[in-house]
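Trainee: Listed below are the residues making up each chain.
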Amino acid sequence: MNIWEKLSKIDRRIIYLLLALVVIIPIVFKIPSTVAVSGPARMAFDAVDNLPPGTPIIFSTDFDPASMPELRPMMTAMLRHAFKKRLKVIMMGHWPTGIPLSTLILEEAAKEFEVEYGVDYVNIGYRPGAGAVMIQMGREIRNVFNVDIEGTPLDSLPMMKTIHNYSDIGLVACYEAGAMGDIWVQYAWGRFGVKIVMATTAVVTPECYPYLGAHQIEGLIGGMAGAAAYEKLVEHPDKAMIRMSSQAWAHILIIVFIIIGNIGYFMMRRMEKTKTKGA
Amino acid sequence: MGHILGVWIAAGLTLMIFSFLYKDNPFYKFAEHVYVGVSAAYACFYTWDYFLMPKLINPLSQHHWLVIIPGIFGLMMLTRWFPRIAWVSRWPISVSVGVGSGLAVVQGMQGLVIPQIKSTILPVMGSSVTFNNLITNLWSHPINNLIIIVGTIATIIYFYFSKEHKGIIGGTAKVGIIFIMVAFGASFGYTVMARISLLIGRISFLINDWLVPLFHSFTH
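Chains B and U, in that order, give the protein sequences.
Under our numbering, the first residue of the first sequence carries the number -3, and numbering increases by one thereafter.
Under our numbering, the first residue of the second sequence carries the number 21, and numbering increases by one thereafter.
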């Protein structure tokens, strides 16, 4: 058995072990990584940065615990940016499983910036209906969210007194692990012209580029690389920037495996051809 | 104490799931069943808490009788469990399909099809206006317009099956395949990044939230 045959029959568990090692070592030894800011992430940053202080911004939580490693750093970074700029944050969501997570992230960021609930930010939670909710919000937010997550009427929250529909909102930031971003674009942008930035898991990101190209969204933060770029832009390195080192090494390993696999395939095919000719 | 217990349970379940990478085993099966059970329980909770209570029971208790109509439609859906009267469930299904289609067709055209077609009607020569930012203007090279136009036409022709893929149609369809493969490659690359991110997230949790505090508790 030559080396190529041995490599083609390598136990998959060895590959898992190598992958685990390249992920663990940078985390344990905190190996730094350089992060390049992509154009779409810069556009998302600019869209938030250009909002005047006091402008309301909606954060839509459309993900579940499985997407936390990618979307949590993005949401934290953008919340820091929003609170630093004194924007009024409205947290909501179309995935019920996302609300407890975004509540946790929101409370952490709010504590860091010492902002006040009801004055600087509110959490209005989840309502079922997605598209129908978005259309109703275009008319009057209270049609669907008459109370916040704790059951407090929206009218009793000082910040919400002047906020009624999308015309009072500066930007919607969607955190997407599925197709809810498409619905935001089709319903809120399509019908009401709402300005949207998307922050998506890497799986969803390629599907969002056409929206960016057609000016339907203002910016796009894609995957952990996008999260790290946003952390760099807000000058607050955190989880995503630390984890990008593991990400980079894992990618290098996978590329090496793909190259070895392809060379092995062609070498074995060549050897089989030589054998056939010899016979 | 509650937090520590939660971390230990999460770490244990993570390791049980990871054990499948070695081979299938009872620990993995246990974690899998726990996951299914917890998900089902959570689904029951939020169906009650977000749908039935606020949309049906609370309005009824406030004498808003109109909600009886969707309530009855909801009950009609349950007839699917009884084969003899299962046909009744077609009524609420037809209502939801009708409403859903009505919304989706209008918004699909207004928010997706027309803007996307507009964004592919571009001048072959001259500057592209794809992005409106100093950095992303680097992407606005005129060649981008040509790539978008050729890619769109070639890909559409690849999916045109009313004529045999020979001659010009066949050649253009082959170009379409190249564009489709590039798109698949980009999707695959992003998917790899997503899956590695999940692995990093779990390993980061095991190290930073479980092992490091555990090590500190032994050394202090």
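Don't read these hints as lab results, they were simulated from the structure.
Built from N, CA and C at the ideal position, the CB exists for glycine as well.
Be aware that a few hints might be false.
Computed Cβ-Cβ distance ranges for the label pairs, DEER-style [unchecked claim]: (1) THR34/U / GLY257/B: 27 to 33 Å; (2) ALA30/U / PRO48/B: 38 to 44 Å; (3) MET129/U / LYS271/B: 58 to 64 Å; (4) TYR205/B / MET129/U: 19 to 25 Å; (5) ILE248/B / VAL170/U: 56 to 62 Å.
Residues from chain U shown here face chain B by an in silico Cβ test under 10 Å; the list is partial [said to hold, decoys possible]: (6) PRO74; (7) ILE77; (8) LEU80; (9) MET129; (10) GLY131; (11) LEU132; (12) ALA206; (13) GLY209.
Trainee: Are the hints correct? Go through all of them and say.
Mentor: Outcome of the hint check:
no. : hint                            : in the structure
1   : THR34/U / GLY257/B: 27 to 33 Å  : holds (29 Å)
2   : ALA30/U / PRO48/B: 38 to 44 Å   : holds (42 Å)
3   : MET129/U / LYS271/B: 58 to 64 Å : holds (60 Å)
4   : TYR205/B / MET129/U: 19 to 25 Å : holds (21 Å)
5   : ILE248/B / VAL170/U: 56 to 62 Å : violated (33 Å)
6   : PRO74                           : holds (8 Å)
7   : ILE77                           : violated (15 Å)
8   : LEU80                           : violated (17 Å)
9   : MET129                          : holds (9 Å)
10  : GLY131                          : holds (2 Å)
11  : LEU132                          : holds (5 Å)
12  : ALA206                          : holds (5 Å)
13  : GLY209                          : holds (9 Å)
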